[in-house]
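There are 2 protein chains.
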Amino acid sequence: MSSSYSLYYWPTLPGRGEFVRLILEDVGAPYVDVARQPEGGVQAVLPFLQGRGPGHPAYAPPILRWDEHSLAQTPAICSYLAERHGLAPADPVARAQALQLMLTVMDVVNEAHDTHHPLGKNLYYEDQWEAAKENARNFVQDRLPKLMGYFERVIDRSGGPYLMGPEVTYPDLALFQLDAGLAYAFPRGYARATAATPKVRALAEQVAARPRIAAYLASPRRMAFNEDGIFRRYPELDPA
Amino acid sequence: MSSSYSLYYWPTLPGRGEFVRLILEDVGAPYVDVARQPEGGVQAVLPFLQGRGPGHPAYAPPILRWDEHSLAQTPAICSYLAERHGLAPADPVARAQALQLMLTVMDVVNEAHDTHHPLGKNLYYEDQWEAAKENARNFVQDRLPKLMGYFERVIDRSGGPYLMGPEVTYPDLALFQLDAGLAYAFPRGYARATAATPKVRALAEQVAARPRIAAYLASPRRMAFNEDGIFRRYPELDPA
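Chains as they are written, first to last, in the working numbering: chain R, 3 to 242; chain A, 3 to 242.
So here's chain R without its partners, still in its complex pose:
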C-alpha cells in the first residue's frame, strides 16, 4: 500500500508542489522531493516537460512518480493520493464533490497567480506591473470576499469544522495552503476579506494543528513563500 513516491517540482518555491507535499506529509507516505536533493535541481524536472520522462507527458510540474507510473496536474495528483491513502470519501458522488472543492481552491490559486502575471505567464512581472495593479485591485476587492464567502458557506452547510463535515478531506489541506498564501501575499486585503469568514480561519488552524502537518510546518522541509512563487508579497498589489 505504501510505495515510495518521487515528487518533481521547482526546488526554490513552494508553488503547486506544496499542495502535493501536504498530502504526502499528512498521510505519512514516504517520498523524495527530487529537485531539492543535492544532486537534483531544475535539471531533474526538465526531462518530464520535454516528453522524455515515462508515462503520459506532463505539461508542467508538479509530477509524481511511483512504481512505473507518472502523474501530473495538482488536483489529479492530490485526488489520486487522497483516494489511495484515506483523505477522500469512498462514495463516488462525495468523491466527485471533494474534487469540486479542490478545483475551486485551485481556481483561487490561479487567480492569485494571475494578479502578478495578467498579461502573460511568459513575461516578467516588471513588464506588467501596471496591469498587475489593476488586476490585483479587482481580485482583492471584488473576488476575494466572494470566494472566501463561498468556502465559509460550504463549511456552514456541511456542519463543519471541515469543508465536507466532521472528517478532514484533501481540499481542507489545500484551503489551509491557500489561506496561508493569501495571508502572505495580501496581508491587508486578505484580513479585510476574511473578517467575515471565521470558519475558514478556524479550519486553517485545525489543519495546521494536525500532528503530522504541525511537525512538517516546523521542519526544514516546509519552504517559505517568496517572490518567485504563486503567492508574492508586492506591497503595490495590496494597498491599504
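Derived by calculation from the structure, the hints in this document are not laboratory data. Some hints here could point you the wrong way.
[To be verified] BS3-like cross-link-like pairs, simulated, lysine-lysine; straight-line CA separation at most 25 Å:
1) A:Lys-123 / A:Lys-135
2) A:Lys-123 / R:Lys-148
3) R:Lys-135 / A:Lys-123
4) R:Lys-123 / A:Lys-148
5) R:Lys-135 / R:Lys-123
6) R:Lys-123 / A:Lys-123
7) A:Lys-148 / A:Lys-135
8) A:Lys-135 / R:Lys-123
9) A:Lys-148 / A:Lys-201
10) R:Lys-148 / R:Lys-201
11) R:Lys-135 / R:Lys-148
12) R:Lys-135 / A:Lys-135
[Said to hold, decoys possible] Taking CB as the label site, the calculated pair distances span:
13) A:Val-34 / R:Pro-32: 44 to 54 Å
14) R:Gly-43 / A:Pro-32: 50 to 60 Å
15) A:Asp-144 / R:Asp-109: 18 to 28 Å
16) R:Ala-198 / A:Thr-14: 28 to 38 Å
No residue lacks a Cβ here, since even glycine has one placed at the ideal position from N, Cα and C.
Dock chain A against chain R, hints included.
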C-alpha cells in the same frame, strides 16, 4: 444506471456547459438543459450560486443535478459522468491520468478566456481591450504552439488516435471542443499553431464523426460560439 440529469448553465453561450453536454450526448444519457427551457433562463441558475440549491454550494455553473445530488466544476462533473457511463478507464492510475489530461485541456480553456479578460473577470471587455491585445498576442504566439504541441506528443506517445490510445475517453471530447473554440476565436493564429499538430486535428475530426456527437452537432441543441462566451472572435486579438 441512467438517472435523468439536469444541467444548469447560462442559456446563451456554450461555455463550460458544453464540455458536460458533449459527454451526456455521447453516452446517450437523458438530460434536461434547464436554463434553456422556456420556463428556465438565468433565473434557474442563480439559486445554486447563492447557496439556496441542494448539495454542496456551487461557486459557478455548470452545475449538474440528479437524484438528490448536486455537483459543480466542469472537470469534476465530466470525470464523474465519464466514470459512471464508460468514458473513463477503470484502473485508478489511468483514471487519474485521464483527469490530468482533462485538467490540461481546461487550463487552455481558461487561458483562452483570459485573453479577453486579462485585468478582471468582473470587468467588461471594452474596459480592458488594450491589455487583452497584449495577452492575446502572448497566448497565440507563445502559449498555443507549446500547448497544442503537448497534446500532439500525448497522442504520439499513446499510439493514438486518441489521447489515451485506441479507446476514446472524456478528455478527447474536451479536446475536440477546445479545438473548435480556438479555431473560432483565433482562426489565423490557431491555423499557424496547429500546422504542426496533425494528430490533434485528426482526433477532433474523429470525435466529431462519432454517431451521437455528429447527430448532436447537427441538432439545434448545439449552440454556436459567440462573443458572450469563452471563445470570442475579436479580430484585434487575432492579427495576421
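Exercise for the section: Using the beta carbons of A:Asp-144 and R:Asp-109, state whether their distance is inside 18 to 28 Å or not. Expected result: holds, 23 Å
Exercise for the section: Measure nothing beyond the straight line between the CA atoms of R:Lys-123 and A:Lys-123; if it is 25 Å or shorter, mark the hint as holding. Expected result: OK: R:Lys-123 and A:Lys-123 at ~17 Å, within 25 Å.
Exercise for the section: With a cut-off of 25 Å on the C-alpha distance, tell me whether R:Lys-123 and A:Lys-148 pass. Expected result: Answer holds: R:Lys-123 to A:Lys-148 is near 13 Å, not above 25 Å.
Practice task
Take a quick look at whether A:Lys-123 and A:Lys-135 sit within 25 Å of each other, Cα to Cα.
Solution key: Measuring from Cα to Cα gives roughly 16 Å; hence the hint holds.
Handout entry: Pair hint outcome, A:Lys-135 versus R:Lys-123 [Cα-Cα no greater than 25 Å]
Key = holds, 15 Å
Exercise for the section: Take the C-alpha atoms of R:Lys-135 and A:Lys-135, compute the straight-line distance between them, and say whether it is at most 25 Å. Expected result: OK: R:Lys-135 and A:Lys-135 at ~18 Å, within 25 Å.
Exercise for the section: For the range 28 to 38 Å, tell me whether the beta carbons of R:Ala-198 and A:Thr-14 fit it or not. Expected result: Check passed, 33 Å falls within 28 to 38 Å.
Practice task
Can you let me know if the beta-carbon spacing of A:Val-34 and R:Pro-32 is within 44 to 54 Å?
Solution key: holds, 48 Å
Problem - R:Lys-148 paired with R:Lys-201 [C-alpha distance capped at 25 Å] - result: With Cα atoms ~15 Å apart, R:Lys-148 and R:Lys-201 stay inside 25 Å; holds.
Exercise for the section: Would you mind confirming whether the straight-line C-alpha gap from A:Lys-148 to A:Lys-135 stays at or under 25 Å? Expected result: holds, 19 Å
Problem - R:Lys-135 paired with A:Lys-123 [C-alpha distance capped at 25 Å] - result: holds, 15 Å
Handout entry: Restraint check for A:Lys-148 with A:Lys-201, where alpha carbons must lie at most 25 Å apart
Key = holds, 15 Å
Going down the numbered hints, you'll see the structure goes against none, and every one checks out.
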